[in-house]
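Undergrad: Spelled out, the chains give:
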Amino acid sequence: MADAAIRLDGVSKAFGTHHVLRDVSLAVPPGRACCILGRSGTGKSVTLKHVIGLIRPDAGRVFVQDEDITSLDARGLSRVRRGMGFLFQNAALFDSISVGENVAFPLRRHTRLREGEIQRRVREKLAEVGLDEAAAKMPAELSGGMRKRAGLARAMALDPSILLVDEPSAGLDPITSQEIDQLLLARRQAGTTLLVVTHNIPSARVLGDRLIVLHDGAIAAEGTAAELERSDQPLVRAFMQSTGGG
Amino acid sequence: MNDTSPAAGAGASAPFAWLAGLGAAALDALGWFGGFSLFGARALRDAVRPPFELAEIARQMFDIGWRSLPLIAASGFSVGIVLSMHTRASLERFGAEAMIPAGLAIALIRETGPLVTGLLISGRVGAGIGAELGAMRVTEQIDALEATAVDAFKYLAVTRIIACILALPLLTTVMNFAGILGGFVAEAAISDMSLQLYFDRAFLLIEFGDLIPATLKTMVFGFLIGTVSSYLGFETTGGTEGVGRTSTRSVVFSSILIIVVNVVLVRLIFFFFPPAG
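Taken in sequence, the protein lines are chains A and B.
With our numbering, letter number 241 in the first sequence gets 241, and the count goes up by one each step, no holes.
With our numbering, letter number 226 in the second sequence gets 226, and the count goes up by one each step, no holes.
Isolated chain A, as found in the complex:
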């Protein structure tokens, strides 16, 4: 088994003159959960997109299951991505097909399952996120919370060993937010590696074995929730003492 399911070594990224990430290094062991915290615009989502190869770093390397994905071609990257699920901040459901078809999409593309088995898995994944009745609905007919849950069902469709989650509770009511936390917690307990970007400190406390605070594109602090609360950095302490959700 790989030492780290996800590893970033000295990753830097700039868009034009704006440096978004500066020499970021982190590692998430298999089956563990890491939450990336930080204020808006500190490079949290950009970090996630590096892990799935949507953005290539200007400097540094990104490893997934000990494989350097920065040197992979499109075919290699596609192979690695099949082992990962990604929940986008706005769910990014394909809006021209139904919710059920969204969840079935990865199964149709990457498995040779029969139609009956695909439909069974779609029902199972939608039931897992509490959307049993929404399979036939179009994404535009769903509320923000339902869309996020449908996005999570799609991200989990292939039972990935790594789940990348961008702001799972942003814009959601506290109850829906807790439901999503419980879903992610269940995935972690089932052995899935989680890398979660969040503003929501209570959420991060529940989910994260380890928390990372990003500030101005660099890691300001790293540790367990308890360790960060005792941090000598006022910014980190202030962040950990906040109770605001996303």
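Worth flagging that the hints you see were computed from the coordinates, not collected in a lab.
All C-beta atoms, glycine included, are put in the ideal place defined by N, C-alpha and C.
It cannot be assumed that every hint is accurate.
[To be verified] Short derived list, chain A residues pointing at chain B, Cβ under 7 Å:
#	residue
1	Q65
2	G76
3	P106
[Unchecked claim] Away from chain A, derived, C-beta distances all over 10 Å, residues of chain B:
#	residue
4	M99
5	L120
6	A135
7	D151
8	G238
9	F270
Fit chain B to the supplied structure of chain A, relying on the hints for placement.
TA: Chain B alone, transformed into the frame defined by chain A:
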């Protein structure tokens, strides 16, 4: 006394500012054309590499080809009526009314049909592709496809470009046929020419060199429409306003390219298939 006011300074630098603006615009245009060329070349390369995404190509053919049929048929019919009226007005002076069907068919098949089809499809389909892919870009659906281990370029752009390439010659044939039919209706309203005689006369002077190259050149139009609108869609930024801009630009740029490239293609066709003297 020297005028050192800011206004004087601005006046002195105005020509350079104008030149700098022109240079920046030229660089932008070159950058756009370079990006577009690379995008098109990659599309041609990926079109012949597996997987071929046949189901998606068929879906796009239905959307681009089948759904454009009413527009093309109705436009062709109207163009045929108008062309027939103009042709009659010209040929009547020389007592050559019998040549009206042939004149109309040559005008339609050689030039009017392909060009009007290209421009109509650039309006209907180019705007649609630009807006659809642009919306997918700004809502991260293209990123979501990539994250699902799907080659978004191939799945979204190449399939649409292939569908445009295949659909244009078929739609041009429909346009030509509808145009000749429209010409017959216009002619039948003022003479007693039968449908059989009209079509016999229409195809009297049509040769291989008139029909096939002119119809097949629309594959190039299809490539331009698909590539321009897909490229602009993939490059969309700026939210819903950006999507609107992409939609408009897709139509404008593909229409301009069709008109310009058509000149080159007609010259090539005349070179390889010289008109019978």
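Undergrad: Work down the list of hints and note, for each, if the structure agrees.
TA: Evaluated hints:
no. : hint : result
1   : Q65  : violated, 15 Å
2   : G76  : violated, 11 Å
3   : P106 : holds, 5 Å
4   : M99  : holds, 50 Å
5   : L120 : holds, 24 Å
6   : A135 : violated, 8 Å
7   : D151 : violated, 6 Å
8   : G238 : holds, 15 Å
9   : F270 : holds, 42 Å
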